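S.K.: Chains as they are written, first to last, in this note's numbering: chain A, 987 to 1166; chain B, 987 to 1166.
Note that these hints are calculated values from the structure, not bench results. Remember, predicted model here, so these are calculated numbers, not experimental data. Take the hints with a grain of salt, since some may be wrong.
[Said to hold, decoys possible] List of simulated lysine-lysine pairs, DSS-like, C-alpha gap at most 27 Å:
id	chain 1	residue 1	chain 2	residue 2
1	B	K1002	B	K1062
2	A	K1084	A	K1062
3	B	K1062	A	K1062
4	B	K1062	B	K1084
5	A	K1062	A	K1002
6	A	K1002	B	K1002
[Stated by the list, open to error] Pairwise CB distance ranges (calculated):
id	chain 1	residue 1	chain 2	residue 2	range
7	B	A1160	A	S1088	26 to 36 Å
8	A	V997	B	W1089	33 to 43 Å
9	A	G1037	B	T1165	24 to 34 Å
10	A	R1137	B	R1085	31 to 41 Å
11	B	E1129	A	E1129	37 to 47 Å
The C-beta atom is built at its ideal place from N, Cα and C for all residues, glycine as well.
Below are the chains, spelled out letter by letter.
There are 2 protein chains.
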Amino acid sequence: MGGVEPIATEVAWQGKVFSAGVQRFRTARGAEVTRDKVWHPGAVGILAIDGEHVWLTRQPREAAGLAESLEIPAGKRDVEGEAPLQTAKRELAEEIGKRAGSWEELEIFYTSPGFSDERVWLYLARELTDDGDAHPDADEEIEVVAWPLGRLREAIAECEDSKSLIALLWLELAREHGTL
Amino acid sequence: MGGVEPIATEVAWQGKVFSAGVQRFRTARGAEVTRDKVWHPGAVGILAIDGEHVWLTRQPREAAGLAESLEIPAGKRDVEGEAPLQTAKRELAEEIGKRAGSWEELEIFYTSPGFSDERVWLYLARELTDDGDAHPDADEEIEVVAWPLGRLREAIAECEDSKSLIALLWLELAREHGTL
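Chain A with its partners taken away, still in its complex shape (with noise of 0.2 Å):
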């Protein structure tokens, strides 16, 4: 196996959520290489089902340009210390509105692992209950979607983001078996 050590680490960039920089490794057959690369804290994303709809939300991602995007709860692992499951939880309630019952880790994977540490843990979520001490962020644009699980496909076909795509492909096959 190839070494993921770094042999030299350079950060040039600190932003507010993220780093950038290079590093330089040392390959099993003995090469270097350089890659650039993006230091992220990592995010949750909660699949959060009933027994009639998926829980979405739409809201703008200036970054990619999208002035709408269709998207499963999620937010970034920001505060130190917090495990992801509790980041979840957090975020459920602070997105939706809501809390579950029951909580189950489905994936854990890379965004986009050829430049970026970012890892999704994602998570179902079920037994969903009104959450009366939820205070949205009032300051996120974001706007909640009950999305009726019989129109999953329509979902999936509006659907840009890679984590939201991986949960609703996820549910969509666990229906087909019969599992949810």
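Starting from the known structure of chain A, arrange chain B on it as the hints suggest.
M.R.: Same frame as chain A, now just chain B:
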């Protein structure tokens, strides 16, 4: 819909693969928001199947700290003016030494639209034949893997890369539906 035309742009670092910096936007409600951003040329991914196998690769992904990553054939859109389908044809030859007689666009999505404009054009490639002219990049430590279609779930379980998970989940769904 919110405005996604930036009112200010500061490219703070220019790498070989991507650039990073900050953009400011005015939202539909008139507020100003600042976004850390990666400018990325985009990428292609290829779901290449014959009657028995899906063609995958295993390679180190140093930026993500992965000694091995199981993925679909893929590559950056790093040739000026090259259409995504052309890039996909080139990458299929370079990475696994195949041509395809049939190409179909499956999805276009953003890998992480909260901070990056990287888009992936995902194609289905069929009617595969060996490309006698292909000269796989000697520099790249890429192992070609002919993965049996009957063991698709195991590939999904091993895979940690978003574009490949989307492709493999899509494939399993198509097989469930009997359309592939």
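S.K.: The structure should be examined with respect to each hint, and the outcome stated for every one.
M.R.: Results of checking the hints against the structure:
no.	hint	result
1	B:K1002 / B:K1062	holds, 12 Å
2	A:K1084 / A:K1062	holds, 18 Å
3	B:K1062 / A:K1062	holds, 26 Å
4	B:K1062 / B:K1084	holds, 18 Å
5	A:K1062 / A:K1002	holds, 12 Å
6	A:K1002 / B:K1002	holds, 22 Å
7	B:A1160 / A:S1088: 26 to 36 Å	holds, 29 Å
8	A:V997 / B:W1089: 33 to 43 Å	holds, 40 Å
9	A:G1037 / B:T1165: 24 to 34 Å	holds, 28 Å
10	A:R1137 / B:R1085: 31 to 41 Å	holds, 38 Å
11	B:E1129 / A:E1129: 37 to 47 Å	holds, 45 Å
Hint compliance for this structure: every hint is met.
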